[in-house]
Amino acid sequence: MKKLLSGNEAIARGAYEGGVHFAAAYPGTPSTEILENLATYQEIDAQWSSNEKVALEIGIGAALAGSRVLVAMKHVGVNVAADPLMTFSYLGVNGGLVLVAADDPGMHSSQNEQDSRQYARFAKVPMFEPADSQEAKDFVREALRVSEEFDTPVLLRTSTRISHAQSLVELGERQEIAIKPYEKNVQKHVAMPANARPRHVAVEERLQRLRDYAEQTPLNRLEWRQRKIGVICAGISYQQVQEALPEASVLKLGVCYPLPAQLIAAFAAGVEELYVVEELDPFFEEQIKALGIAVQGKALFPLTGEIFPNLIAEKILGEPLTVPLAVAASREEPAPVRPPVLCPGCPHRSVFYTLRRQKLLVSGDIGCYTLGASPPLEAMDSCICMGASISAGLGYEKGNPDLKGKVVSVIGDSTFFHSGMTGIVDVVYNRGTTLTLVLDNRITAMTGHQENPGTGTTLQGQPTVALDIAAICRALGVQRVREVDAYDLAALDAVIREEIAAGEAAVVIVRRACALLNKSVPEVYYIVEEKCTSCGACMKLGCPALVQEGKKITIDAALCVGCGVCVQVCKFEAIRQAGEQDV
Amino acid sequence: MSKTTSLVMGGVGGQGIVLASKILAQVIQDHHYQLKVSEIHGMAQRGGSVLTFVRFGAAVHSPLIELGQADYVFALEKLEAWRLLPYLRTGGTMICSSQEIKPMPVIMGRQQYPAQIIPAMQALAAAGQLGALHTFNALEAACDCGQPKAANVALLGVLARTLEFSLASFLAALAAVVPERFLEANQQAFLVGYQG
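Those protein sequences? They're chains D and W, same order as listed.
Each residue of the first sequence is one higher than the last, beginning at 89 in the numbering used here.
Each residue of the second sequence is one higher than the last, beginning at 4 in the numbering used here.
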């Protein structure tokens, strides 16, 4: 039976069919749906972990214990998990372990577009890269087998266009794999110098055997067509090359590390012109050139963003496949952009409105609230990576005395559990005076509403312990911990002023659930036209429900969720709730 | 290019582009075509432009559609239709809801919402650049059926009558994809669009 599955659904299915017993992940676009789908299989113990390092470490323990394991994360998550990954390579596995790294070329929903293939070479572990959902499913099964045969973790790389594109997949049965017996092996599993030295030798020998595997596996395949043009490619680029150059011969790499040197040499010898088409880094190109084989790649194609069929055709054949419809003449002006915005009723809005008014330096973090940097709120000074807000905030006041007493770090609830807590420890220990706002919207919102350690619910929707952020902060040594409702603008303003003035480490937990979680019918607001002076105070909130045309400001009743924050900024009592009496 | 049919489906986050593409994908699948559907998730969904590519035929390679390649653009919002217009090949079909949702630069008064979108597209159709242009107030049609959120399905009705698939196959896909309690309103909205 064939089923339409996204790459992520197919990876989950592959793990199921491949007999995986345990899976862990931290949500991150474009990887999130892998665990959400794994959670639907009762045979698999799947969990959200507090961060990617934790997810991989639990996975390592589970694999050493004898289970087959899948761990998933977005590309930048691998940075967080890089520490255990590098040494796990030395340890090897017992049950097979596949680590999915989901790249985001083009940065559809990411802060950078690093190329995860570098991690395979860095950690000296094999990496597979599927080109559609069928391969995504099949490659997970093969990766689990290879992991056990070669005693290594296996990386599976996807990109947004693989993870989020759906194509037809032939489903198979689950292969029931018994959990392997656990055997204590101190020399292999305790990474200290005396043990690690021989393990490094074993890793290098393993890589040599994996090179032989890469020469023989059907995952790497030659597709001979016309011999004039030959292209080496993998993953989504394989599809784009097929689209652009249907007559070209192709060496399709399913294993993108280590490379099959002999296969590449044979392919190069069989074509007149050899190209590499790969997004981001010249990962194949540099290794192929190191083999002494002449090949064209980044001389033609960009190091940044995605590579589409038109560009491939243009660079290799000399002209693009399609020409955009000639509409320029009929456009009186460019179409206004529609950037992502904080939703109507978003509890983050009042926070950034207040921070902007108080002219504070805002050290930001990763989540929906990064949109607080966008107009008209524009209340964020920096955003780096998960958890960096609190530690970088401390750095601002350490790095410039003029900034002391003006720094606010802003972090979401899920990000706080991910890697914010260690930053709090540092602020307290090193006598920082920064104020940390924990924007607790009771969910991991940006990635599509995943549970986290603060929500009291597991991945499967089962009740569990809900960790108390205020109690954690007190336990970490913060003396001043307060809570405030995000929709109470006056209280929010006062609490932030007081805590900034306090001159010592402080945490304010700003509470209000994500507006998208509230499914009740809202009591919407409207603007009393006679009272509105068009002063524009409400427009500074940047709420999509507040619309200005010329001087006239109205509330779009279809978008308003009745949060009432705009009422609090109107000095003319011009905003009323439906049903309220005129005064 | 091959005989692959390419549809670009767009709108604003929250308008239900994903559901509309799911119903269409179900219909295509029932006709045993090869099929690829490509979406973008994450930050883009927060009130931003949302874009889904649907491609089907005997063989489909790229899940993406490039400018000048689409046989159809299906847009749930007028400005998004205007933005997506260059995706159409010459002679392609535009299916556009006349609903307006103002983007933040317009809300803030920094830019104007283009006033002449429909007339400009009509001129393109008259000049033969567009093969067909269908504009339809899908939101109004959906509201008339008592379910404003079914605007996506109402516009899908318009698309359905331009495609090769039968009405029965669309109704079956609706029943398979739309949750039971919303099904009746969605069926009504679909038929309003289908009957024009």
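Hints in this document: simulated from the structure, not taken from any laboratory.
In this text the structure is predicted, and so the values were computed from the model without any measurement.
Any given hint could turn out to be false.
[Unchecked claim] Derived lysine-lysine pairs resembling BS3-like cross-links, with alpha carbons at most 30 Å apart:
#1 W:6 - D:639
#2 W:25 - D:607
#3 W:105 - D:640
#4 D:659 - W:152
#5 D:90 - W:6
#6 D:276 - W:25
#7 D:91 - W:105
#8 D:91 - W:25
#9 W:105 - D:619
#10 W:81 - D:90
#11 D:628 - W:81
#12 D:607 - W:6
#13 W:6 - W:81
#14 D:640 - W:25
#15 W:81 - D:91
#16 D:212 - D:90
#17 W:25 - D:639
#18 D:447 - D:628
#19 D:447 - W:105
#20 D:494 - D:607
#21 D:212 - D:272
#22 W:105 - D:316
#23 W:6 - D:340
#24 D:628 - W:152
#25 D:403 - W:152
#26 W:81 - D:640
#27 W:25 - D:628
#28 D:316 - W:25
Subject >> Given pair status - residue 152 of chain W, residue 628 of chain D, alpha carbons within 30 Å >> reply: With a Cα-Cα distance of about 29 Å, the restraint between residue 628 of chain D and residue 152 of chain W holds, given a limit of 30 Å.
Original post:
Are the Cα positions of residue 447 of chain D and residue 628 of chain D separated by 30 Å at most?
Top reply: Satisfied, since the Cα-Cα distance of roughly 14 Å is no more than 30 Å.
Subject >> Given pair status - residue 152 of chain W, residue 659 of chain D, alpha carbons within 30 Å >> reply: violated (35 Å)
Original post:
Holds or violated: residue 105 of chain W with residue 640 of chain D, Cα cutoff 30 Å?
Top reply: Status holds; Cα separation ~14 Å.
Subject >> Restraint status (C-alpha distance of residue 640 of chain D to residue 25 of chain W at most 30 Å) >> reply: violated (39 Å)
Original post:
Does the structure keep residue 447 of chain D and residue 105 of chain W at a Cα separation of 30 Å or less?
Top reply: The hint holds at about 29 Å.
Original post:
Is it true that the CA of residue 81 of chain W sits at most 30 Å from the CA of residue 90 of chain D?
Top reply: Answer violated: residue 81 of chain W to residue 90 of chain D is near 36 Å, above 30 Å.
Original post:
Are residue 91 of chain D and residue 25 of chain W close enough, with their CA atoms no more than 30 Å apart?
Top reply: holds (13 Å)
**OP:** Measure nothing beyond the straight line between the CA atoms of residue 6 of chain W and residue 639 of chain D; if it is 30 Å or shorter, mark the hint as holding.
**Re:** violated (51 Å)
**OP:** Would you check the hint for residue 316 of chain D and residue 25 of chain W, treating anything up to 30 Å between C-alpha atoms as holding?
**Re:** violated (41 Å)
Original post:
Is it true that the CA of residue 25 of chain W sits at most 30 Å from the CA of residue 628 of chain D?
Top reply: violated (38 Å)
**OP:** With a cut-off of 30 Å on the C-alpha distance, tell me whether residue 6 of chain W and residue 81 of chain W pass.
**Re:** Within the cut-off at roughly 29 Å; holds.
Violated hints, in rising order: 1, 4, 6, 7, 10, 12, 14, 15, 16, 17, 20, 22, 25, 27, 28; the structure is consistent with all others.
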